[in-house]
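Asker: Each chain, letter by letter, is given below.
Number of protein chains: 2
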Amino acid sequence: MSVTAADQIQAVEAYIAAYGRGDLEGVVAVFADNATAEDPVGSPPLVGKTAIRDFMAVGISMGAQLTLEGPIRCAGDYAAFPFVVTLDIEGQAMRIEVIDIFKFDDEGKVVEMRAFFGPENMKPA
Amino acid sequence: MSVTAADQIQAVEAYIAAYGRGDLEGVVAVFADNATAEDPVGSPPLVGKTAIRDFMAVGISMGAQLTLEGPIRCAGDYAAFPFVVTLDIEGQAMRIEVIDIFKFDDEGKVVEMRAFFGPENMKPA
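These protein sequences, in sequence, are chains A and D.
In this text, residue positions in the first sequence follow my numbering: the first is -2, and each later residue adds one.
In this text, residue positions in the second sequence follow my numbering: the first is -2, and each later residue adds one.
Honestly, the hints are just simulated from the structure, not real lab data.
Please note that the accuracy of each hint is not assured.
Heads up, the list lumps identical chains together, so a pair's fine if it works in one copy or across two of them.
[As the list claims (entries may be wrong)] Calculated pairs, DSSO-like style, for lysine-lysine (alpha carbon to alpha carbon, straight line, at most 30 Å):
| id | residue 1 | residue 2 |
| --- | --- | --- |
| 1 | 100 | 120 |
| 2 | 46 | 100 |
| 3 | 106 | 46 |
Construct the entire structure; sequences and hints are all you get.
Answerer: Pasting the structure below:
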């Protein structure tokens, strides 16, 4: 049984909402145990939920807040969505423009996450 | 030598501008000869520039116009960008919300294109 677009949208919204609450376990809950995350694309992938938790904890500690910048696009096993992250880096408020691609397994968990952004997308908020 | 973010942004903007002019050869010019295109993701990939040209010609014939919906995100060999396509399907004006991922080769040509959208992203304009 394949994941539906409604399931995918719900997972993305849960992920964003968990950041909004500073809820690390809520953020991590959308991932499968064997998930990989490449954040940003071009960096060595994080492998497994523990490595992903450690990485996301840093974002949470910086007060990262995610705001959707447009509709979620669901295609096959994937969801793609444009958003802005605001966070605090050593006292400086920053905004980073990102597009995430989530690949889902049949249970609706994210097995692969890729975050697209570069230096041009990082600005003082 | 790797492609730069400036090269990637220029290629994406050239691609969008070529659609704006209804310029099929301009659209196809951004792709490498051996490029693949999965549009939408989940459908069988088009392989090679000739197959991609035939596919893009259909979009051009429908008057497809692309409008960026947010900044282009460059990461490693990739550019990701959110946009809206407007086109005419059998007399009905439609808008489709899409995120494209372009992967570039070292010459700055697109070797892999993946378009993320689903039925939820297709609406009467």
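Asker: Work down the list of hints and note, for each, if the structure agrees.
Answerer: Here's how the hints hold up against the structure:
no.: 1; hint: 100 - 120; result: both (28 Å within a copy, 24 Å between copies)
no.: 2; hint: 46 - 100; result: both (15 Å within a copy, 27 Å between copies)
no.: 3; hint: 106 - 46; result: within (11 Å within a copy, 35 Å between copies)
The structure meets every hint from the earlier list without exception.
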